[in-house]
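Residues per chain, in single letters:
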Amino acid sequence: MPVDESNRSAKIAGRGVSIAYGSRRIVEDLDLVVPERRFTALVGPNGSGKSTILRTFAGLMRATGGSILLDGRSIATLGAREMARRVGVLLQGPVAPEGLTVRDLVQQGRYPHRSLFGRWSEADQAACEEAMMLTGTTTLADTPLDTLSGGQRQRAWIAMTLAQQSEVLLLDEPTTFLDLAHQIELMNLITVLVRDHRKTVVAVLHDLNQAARYAEHVVLLKDGRIAAAGHPSDVISQDTIADVFGVRSMVIRDPVAGTPLCVPL
Amino acid sequence: MIRPYGMNTARRMANDGGRPLGLLLLFCLLVAAVLWSLASGARHIPLATVWHAVVGFDGSREHLLVMLIRLPRVLAAVLAGSALAVSGVIMQVVTNNPLASPGLLGINAGAAFAVVLVMTLFGTGTGDVYMWYAFGGAGAAALLVHGMGSFGPSGHSTIGLVIAGAIVATFLTALTSAILIFDQNTLDAVRLWTAGSVTGRTMAQNAAVAPYILTGLAAGLFLGRHLVTLSLGAEAARSLGQNQAVWRSVSIAVVILLAGSAVSLAGPIGFVGLVVPHIVRLTIGADYRWVLPFSAVGGALLVVVADLAGRMIFGSQDFPVGVTTALIGAPFFLWLARSRAGGGS
Numbered sequence: 026m027p028v029d030e031s032n033r034s035a036k037i038a039g040r041g042v043s044i045a046y047g048s049r050r051i052v053e054d055l056d057l058v059v060p061e062r063r064f065t066a067l068v069g070p071n072g073s074g075k076s077t078i079l080r081t082f083a084g085l086m087r088a089t090g091g092s093i094l095l096d097g098r099s100i101a102t103l104g105a106r107e108m109a110r111r112v113g114v115l116l117q118g119p120v121a122p123e124g125l126t127v128r129d130l131v132q133q134g135r136y137p138h139r140s141l142f143g144r145w146s147e148a149d150q151a152a153c154e155e156a157m158m159l160t161g162t163t164t165l166a167d168t169p170l171d172t173l174s175g176g177q178r179q180r181a182w183i184a185m186t187l188a189q190q191s192e193v194l195l196l197d198e199p200t201t202f203l204d205l206a207h208q209i210e211l212m213n214l215i216t217v218l219v220r221d222h223r224k225t226v227v228a229v230l231h232d233l234n235q236a237a238r239y240a241e242h243v244v245l246l247k248d249g250r251i252a253a254a255g256h257p258s259d260v261i262s263q264d265t266i267a268d269v270f271g272v273r274s275m276v277i278r279d280p281v282a283g284t285p286l287c288v289p290l
Numbered sequence: 651m652i653r654p655y656g657m658n659t660a661r662r663m664a665n666d667g668g669r670p671l672g673l674l675l676l677f678c679l680l681v682a683a684v685l686w687s688l689a690s691g692a693r694h695i696p697l698a699t700v701w702h703a704v705v706g707f708d709g710s711r712e713h714l715l716v717m718l719i720r721l722p723r724v725l726a727a728v729l730a731g732s733a734l735a736v737s738g739v740i741m742q743v744v745t746n747n748p749l750a751s752p753g754l755l756g757i758n759a760g761a762a763f764a765v766v767l768v769m770t771l772f773g774t775g776t777g778d779v780y781m782w783y784a785f786g787g788a789g790a791a792a793l794l795v796h797g798m799g800s801f802g803p804s805g806h807s808t809i810g811l812v813i814a815g816a817i818v819a820t821f822l823t824a825l826t827s828a829i830l831i832f833d834q835n836t837l838d839a840v841r842l843w844t845a846g847s848v849t850g851r852t853m854a855q856n857a858a859v860a861p862y863i864l865t866g867l868a869a870g871l872f873l874g875r876h877l878v879t880l881s882l883g884a885e886a887a888r889s890l891g892q893n894q895a896v897w898r899s900v901s902i903a904v905v906i907l908l909a910g911s912a913v914s915l916a917g918p919i920g921f922v923g924l925v926v927p928h929i930v931r932l933t934i935g936a937d938y939r940w941v942l943p944f945s946a947v948g949g950a951l952l953v954v955v956a957d958l959a960g961r962m963i964f965g966s967q968d969f970p971v972g973v974t975t976a977l978i979g980a981p982f983f984l985w986l987a988r989s990r991a992g993g994g995s
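Chains as they are written, first to last, in the working numbering: chain A, 26 to 290; chain B, 651 to 995.
Derived from the structure by calculation, the hints contain no laboratory data. None of the values given here were measured: they were computed from a predicted structure. Possibly wrong hints are sitting among the right ones.
One side of the interface only, derived from the structure: several residues of chain B facing chain A at Cβ under 8 angstroms [said to hold, decoys possible]:
| no. | residue |
| --- | --- |
| 1 | T852 |
| 2 | T865 |
| 3 | A868 |
| 4 | V878 |
| 5 | L882 |
| 6 | E885 |
| 7 | A886 |
| 8 | R888 |
| 9 | L890 |
| 10 | Q892 |
| 11 | N893 |
| 12 | R931 |
| 13 | D937 |
Glycine is no exception: its CB is placed at the ideal position from the N, C-alpha and C atoms.
Bound conformation, chain A alone:
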């Protein structure tokens, strides 16, 4: 059943957002709403501006125009620490220094919660242990990151982001470089985070069918504009796929989940 997202309050809302690299305009006058406590997927072809939009929403890039509201307040007025306590970010292909252990990395997630001379608290410890438990990295705690597989390393970085205990998680292509089993594992983790931990998750995804299967809100992007946004079953159709990706396809019902499934012709 499609859920009407218009009743749900916006956790993050971009209003007339423009983003540019130097003189090159990537996004112009974008209005994008991220519904609260939902899994939103940003999907689009290469160069559609999806990662740029995510990074701007994370405060890592400055919008050249418009405003981005977090719980109704412009993120430009939030300090870096305040922002980090409310929004966690998983970057694309992050590299940790050699020899850093999983535990060392996860503890970094507490950075925005600690004062200048603050001691490591029980709350810090509990947050890290929960983050490692959720991501299944508890047994890897003392292992150096550079000796882990790609999937394990990705989970360690997600654990760091979870240790931030932010209400919002922004994930930039979290499934890229992961094999199928780890991709499914990650999607299930996101589902649990949204359902049981009341998180608002936004992820840039490459795989349209993955977005259709797991996300509750899909934003299809093309050339820095929103081509369609809404529940997957409302948004994913032969016409929108042809428009956004330039691919002729047939959209059928996923025999397992009942979600739309795109089969290219």
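Using the hints provided, position chain B relative to the given structure of chain A.
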């Protein structure tokens, strides 16, 4: 299959919380090296006599030798070694470049140039007054490198910084050499000092520099947690809410304080700031809360041992420790790096 030494140790130490024990062990090694250094020389002095000279000075020839020559010398080695190693750690994180060290980024050369310039212009005097010039020279060189490194389209690239550092270091070292060629008096006074030397240091010089180095070391240890965050890369650090402009500036200030003090005390001893942080990371991992104290003790140990070895092997009390740090440090570092790389990690 033979497990590489470095990896083995890194795992084991991280696993059983052996880091405090390792640090204690390293500290004991340092104490042993210091005692050995106090006892040995042209004339061997028993440890008991060394101890009596410190706690109950009686003005005898042996006590004078310990208190006026050997103790100041070994203290200078400890102070300079720990200061250079810790400033090397911080430089490598701040520039995100494993080859960074106060030597490579022109900071040592800047301090040395300033000291030599002042000696030439105003004559040679006692050591402690040069400290402020060394700070000034170190700071000016750091600013110059920073400014030059930010040219170019990409802003602060690490490559840009390293190239700028190499240019500034080479240029300032050449200027220093040029001054010394024309000024025989200054050359005689600083010949050993420019190679990095702890010969003939006085207690007064140590006492003048020690507060700055101890302040710098304390600040450096406090930086540990923030350095781990910085070392994750600019974007990740920002997403964790770190104010990078502040922490980078604080870090550079600590480096200038430490490297400037060390150079004014013992000259630009090379290699310590580069090699000690690497050896420590290869052994205990990249948690800078531990890398910093290990490097402080390890740097002191390297310089004390290098000074001792220089005296014993070359039989000269004047042999500059800056030469022996490289002679000892380079082969050890190569061996460690090879044994680590051989593990295919």
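How the hints compare with the structure:
The beta carbon of T852(B) is not positioned within 8 angstroms of any beta carbon in chain A (closest approach about 37 angstroms), and the interface hint is therefore violated. The restraint placing T865(B) at the interface with chain A is violated, with a minimum CB-CB distance near 17 angstroms, outside the 8 angstroms limit. Because the closest C-beta pair between A868(B) and chain A is about 13 angstroms apart, greater than 8 angstroms, the hint is violated. Below 8 angstroms, beta-carbon pairs count as interface contacts, and V878(B) has one with chain A at about 6 angstroms; its hint therefore holds.
Interface restraint check: L882(B) against chain A, minimum CB-CB distance 6 angstroms, threshold 8 angstroms, status holds. Interface hint status for E885(B): upheld, as the beta-carbon distance to the closest one in chain A is roughly 6 angstroms, under 8 angstroms. About 5 angstroms separates the beta-carbon of A886(B) from the nearest beta-carbon of chain A, less than 8 angstroms, and the hint is met. With 8 angstroms as the threshold, the beta carbon of R888(B) comes within range of chain A, its nearest partner Cβ sitting at about 6 angstroms, so the hint holds.
At about 4 angstroms, the closest approach between the beta carbon of L890(B) and any beta carbon in chain A falls short of 8 angstroms, and the interface hint on this residue holds. Restraint check, Q892(B) versus chain A: the minimum CB separation of about 6 angstroms is within 8 angstroms; hint holds. For N893(B), the suggested interface contact is upheld, since its CB lies about 6 angstroms from the closest CB of chain A, less than 8 angstroms. Among the interface hints, the one on R931(B) holds; its C-beta lies about 6 angstroms from the nearest C-beta in chain A, closer than the 8 angstroms criterion.
Annotation: D937(B) was flagged as interfacial toward chain A, and the flag holds, the nearest CB pair being 5 angstroms apart, inside 8 angstroms.
This entry does not satisfy hints 1, 2, 3, going by the numbered hints stated previously.
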